[in-house]
Every structure is written in C-alpha cells, then in structure tokens.
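As they're listed, the protein sequences go chains P and H.
Using my numbering, you'd call the opening residue of the first sequence number 203 and step up by one each time.
Using my numbering, you'd call the opening residue of the second sequence number 51 and step up by one each time.
If you're looking for bench data, these hints aren't it; they were derived computationally from the structure.
Glycine residues also receive a C-beta, built at the ideal position from the N, C-alpha and C atoms.
It is possible that part of the hints are untrue.
[As the list claims (entries may be wrong)] Here are some, though not all, of the chain H residues that point toward chain P, as calculated from beta-carbon distances under 8 angstroms:
#1 Leu149
#2 Arg203
#3 Gly204
#4 Tyr208
#5 Gly209
[Claimed, not checked] Here are the computed distance ranges between Cβ atoms for each label pair:
#6 H:Tyr208 x P:Ala214: 16 to 26 angstroms
#7 P:Val207 x H:Pro93: 43 to 53 angstroms
#8 H:Asp170 x P:Ala223: 15 to 25 angstroms
#9 P:Gly229 x H:Lys201: 23 to 33 angstroms
[Said to hold, decoys possible] Over the 12 angstroms line for every Cβ pair with chain H, so calculated as not near, a few chain P residues:
#10 Ala223
#11 Leu226
#12 Gly229
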Amino acid sequence: MPRWVKVFLIIAAALVVLMVAVMLVSGSQHGPGRHLSSVWTGSIRYVALPSSSVGWRPLW
Amino acid sequence: MVMAAGLRRAALAMHLITSVGWIGAAGAYLAAGVAARVSDRVPTVRAAWIAMELIGWLVIVPLGCLAFLTGVVMSVGTRWGLIRHYWVLIALVLTSLALVVLILHMPSVSAGAAVARTGDDRAVLQLGGDIAHPALGLVVLVVVAVLNLYKPRGLTRYGQRQHAAAEASPRLGPG
Numbered sequence: 203m204p205r206w207v208k209v210f211l212i213i214a215a216a217l218v219v220l221m222v223a224v225m226l227v228s229g230s231q232h233g234p235g236r237h238l239s240s241v242w243t244g245s246i247r248y249v250a251l252p253s254s255s256v257g258w259r260p261l262w
Numbered sequence: 051m052v053m054a055a056g057l058r059r060a061a062l063a064m065h066l067i068t069s070v071g072w073i074g075a076a077g078a079y080l081a082a083g084v085a086a087r088v089s090d091r092v093p094t095v096r097a098a099w100i101a102m103e104l105i106g107w108l109v110i111v112p113l114g115c116l117a118f119l120t121g122v123v124m125s126v127g128t129r130w131g132l133i134r135h136y137w138v139l140i141a142l143v144l145t146s147l148a149l150v151v152l153i154l155h156m157p158s159v160s161a162g163a164a165v166a167r168t169g170d171d172r173a174v175l176q177l178g179g180d181i182a183h184p185a186l187g188l189v190v191l192v193v194v195a196v197l198n199l200y201k202p203r204g205l206t207r208y209g210q211r212q213h214a215a216a217e218a219s220p221r222l223g224p225g
C-alpha cells in the first residue's frame with residue numbers, strides 16, 4: 203500500500219474518532235443511526251406538525 | 051472495456067460538470083445553512099430553510115447522482131478501472147458515502163422546511179441551521195476533486211494481479 207494511502211487512512215480514522223468524540227461530549231443524538239431511523243428528531247429541532255405538512259412539495 | 055475517444059470525452063465533460071456543480075451547489079446550501087443558524091430574523095430563517103430544501107432536492111441530489119454515475123462510467127470505461135487504483139477506489143468510497151448521507155439527510159431538511167413554511171415564529175427560530183452536513187460534504191467533495199486531478203500512483207492488490215496477468219499474457223506482434 204502506498205504511503206499516501208496510509209497517511210490518508212490515518213487522517214480519515216482520526217477525523218472519524220474526533221467526530222464521534224465531539225458527538226459524545228456534546229450529547230448530540232446525531233449519527234448514522236439517526237439517518238437509518240424512520241422517525242427522528244435529531245439536531246434539527248422542530249415542533250409537531252400535521253403529517254400532511256411534512257415532506258417536500260413544490261412551491262409553484 | 052475501453053470507451054471510444056469521443057464517448058470518453060463526452061462522459062468526462064458530463065462528469066466534470068456534475069462534480070463541480072455538486073460542489074458549487076453544496077456551497078450555496080452551506081451559505082443558506084449558515085444564514086439560518088446566525089440570523090435572528092424569522093423571514094430570513096424561513097427563506098433559508100425553504101432554499102435549502104429546494105437546492106437539496108432539485109440541484110444537489112440530481113447532481114450527486116449524476117456525478118456518481120458518470121464517475122463509475124468513466125472508471126469502468128477507461129484504463130483506470132473501478133478498483134484497480136487506490137485513488138479511484140477512495141474517490142468511489144467517499145462519493146458513495148457522501149451520496150448516501152445526502153439522500154438520508156434530505157428528509158430531515160424537508161421537515162425543517164415544512165416548519166419554516168407553516169410553523170409559528172418561535173418554532174422557526176428554534177430550527178437553527180444546518181452547517182455540519184454541508185461543511186463535511188464539501189470537504190469530502192474537495193478531497194475527491196483533488197484525487198481526480200492529481201491521480202496519485204498506487205495499484206490495489208486487484209490492480210497488481212491484473213497488471214501481472216497482463217504482463218504475463220502472450221501478446222500478438224505485428225505480423
């Protein structure tokens with residue numbers, strides 16, 4: 203494996219560890235699991251809305 | 051399977067346009083996300099979230115899908131291959147990751163935009179912004195773009211085996 207790939211992987215792994223640490227320290231509920239869940243509230247805070255108002259709809 | 055030169059140029063043009071467009075659109079999304087985060091004006095936050103939803107679904111997602119598909123076509127249809135070179139493999143993994151996170155994240159953006167359209171002022175101000183996703187996405191896309199430009203050397207094990215097999219196979223000489 204070339205050296206640049208090793209360096210790249212080390213930096214990527216360090217960034218992932220850093221992100222996980224930041225999420226754990228900040229108490230954020232964010233993470234891949236949130237994206238895989240069908241229902242979440244996550245970091246985007248919003249109030250309850252009628253179900254018909256949630257989701258993309260064209261504005262024109 | 052190697053594409054003909056004309057087809058390869060067309061695919062390369064498409065790949066460049068969609069990839070760079072993806073980066074630009076992500077930058078526009080980030081600007082809206084920052085505006086929604088830092089502004090305390092309700093109309094600004096409403097407009098920013100609606101813009102983020104429109105830019106996301108109508109520009110970023112299509113460009114991301116096209117950039118991914120044209121990238122795969124370019125890899126398979128040229129000597130680079132999809133998993134022969136480390137830079138192609140890493141670019142493929144990063145692009146796939148960015149695309150999956152993007153598509154999984156967009157419904158939450160739509161939910162935020164729905165609040166921006168119909169929620170009361172207090173709910174709109176509680177939305178905050180969306181900075182981490184576009185910022186990290188931009189970093190990933192720029193890394194992929196740099197890999198595409200510099201094409202650093204390095205064959206994967208699969209690439210080395212293919213290279214060795216090609217060297218060992220008998221070649222037909224002229225005549």
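The hints, checked one at a time:
no.	hint	result
1	Leu149	violated (12 angstroms)
2	Arg203	holds (7 angstroms)
3	Gly204	holds (4 angstroms)
4	Tyr208	violated (13 angstroms)
5	Gly209	violated (12 angstroms)
6	H:Tyr208 x P:Ala214: 16 to 26 angstroms	holds (21 angstroms)
7	P:Val207 x H:Pro93: 43 to 53 angstroms	holds (49 angstroms)
8	H:Asp170 x P:Ala223: 15 to 25 angstroms	violated (36 angstroms)
9	P:Gly229 x H:Lys201: 23 to 33 angstroms	violated (42 angstroms)
10	Ala223	holds (14 angstroms)
11	Leu226	holds (15 angstroms)
12	Gly229	holds (15 angstroms)
Going through the hint list in order, the structure does not satisfy hints 1, 4, 5, 8, 9.
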